[in-house]
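Student: One-letter residues, chain by chain:
Number of protein chains: 2
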Amino acid sequence: MHLISYDISNDRLRLRAAKVLMEHGLYRIQMSVFMGSMRDSVLKRLEKELSKMAQSTEWGHTDSFLVLPLHEYSEENANIIGNFLHNWDELRGNLHTLVL
Amino acid sequence: MHLISYDISNDRLRLRAAKVLMEHGLYRIQMSVFMGSMRDSVLKRLEKELSKMAQSTEWGHTDSFLVLPLHEYSEENANIIGNFLHNWDELRGNLHTLVL
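If you're matching them up, the sequences are chains A and B in order.
Residue numbering for the first sequence follows my numbering, beginning at 109 and increasing consecutively.
Residue numbering for the second sequence follows my numbering, beginning at 109 and increasing consecutively.
Hints were generated in silico from the structure; no laboratory data involved.
Certain hints may be false.
Copies of the same chain are indistinguishable here, so a pair counts whether it falls within one copy or spans any two.
Below, computed lysine to any residue pairings styled on SDA-like, alpha-carbon distance capped at 25 Å [said to hold, decoys possible]:
(1) K160 with N191
(2) K152 with S182
(3) K127 with Y181
(4) K152 with W167
(5) K160 with N185
(6) K127 with E184
(7) K160 with E180
(8) K156 with N187
(9) K127 with T170
(10) K156 with I188
(11) K127 with S117
(12) K127 with M139
(13) K152 with Y181
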């Protein structure tokens, strides 16, 4: 399972980033935070795509992607306050099914 | 080490959340993503504070905090594309110093 978050100032590029992340099977859990499980090959392709975006002329000098592989420890000890666009248990359930 | 991210629609509440997170020793690494190392007692106090915020009238029905404890595995395998407001190695170094 991975968490990917971004800070992108350009509206068009930010929209494209969200689209690319969701096309690679990630769930949008907050406006700029995505989570999901990907096969290594898919992750590799995604990271290439994100790096390419960071080379574009629309990329701002303070823009960034954070790609964080999550350990089971994080999933089990997460604390969610308020409403997630996706239910955490559902998301975890889905991911565990995908992983099996 | 913890990652805390938020989705808060109200400007005033969002500013307050950022302030509270940084006052508890977290670094702002993206606009809505914070990271840092806290003693258990500090984390407990912070989580109480965030829960209180989620009870306020300014809290929106899609607003959320995600509090994610990070495993060393995540820190070691993070991929950062672009510029972080804080340098990752520096952040990790600081945190390791704090933890020791």
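Student: Does each hint fit the structure? Answer for all of them.
Tutor: Taking the hints in turn, this is what the structure says about them:
no., hint, in the structure
1, K160 with N191, "between (33 Å within a copy, 15 Å between copies)"
2, K152 with S182, "both (22 Å within a copy, 17 Å between copies)"
3, K127 with Y181, "neither (28 Å within a copy, 27 Å between copies)"
4, K152 with W167, "within (21 Å within a copy, 38 Å between copies)"
5, K160 with N185, "between (34 Å within a copy, 20 Å between copies)"
6, K127 with E184, "neither (28 Å within a copy, 27 Å between copies)"
7, K160 with E180, "neither (30 Å within a copy, 28 Å between copies)"
8, K156 with N187, "between (31 Å within a copy, 12 Å between copies)"
9, K127 with T170, "both (21 Å within a copy, 20 Å between copies)"
10, K156 with I188, "between (31 Å within a copy, 12 Å between copies)"
11, K127 with S117, "both (16 Å within a copy, 21 Å between copies)"
12, K127 with M139, "both (12 Å within a copy, 20 Å between copies)"
13, K152 with Y181, "both (23 Å within a copy, 18 Å between copies)"
This entry does not satisfy hints 3, 6, 7, going by the numbered hints stated previously.
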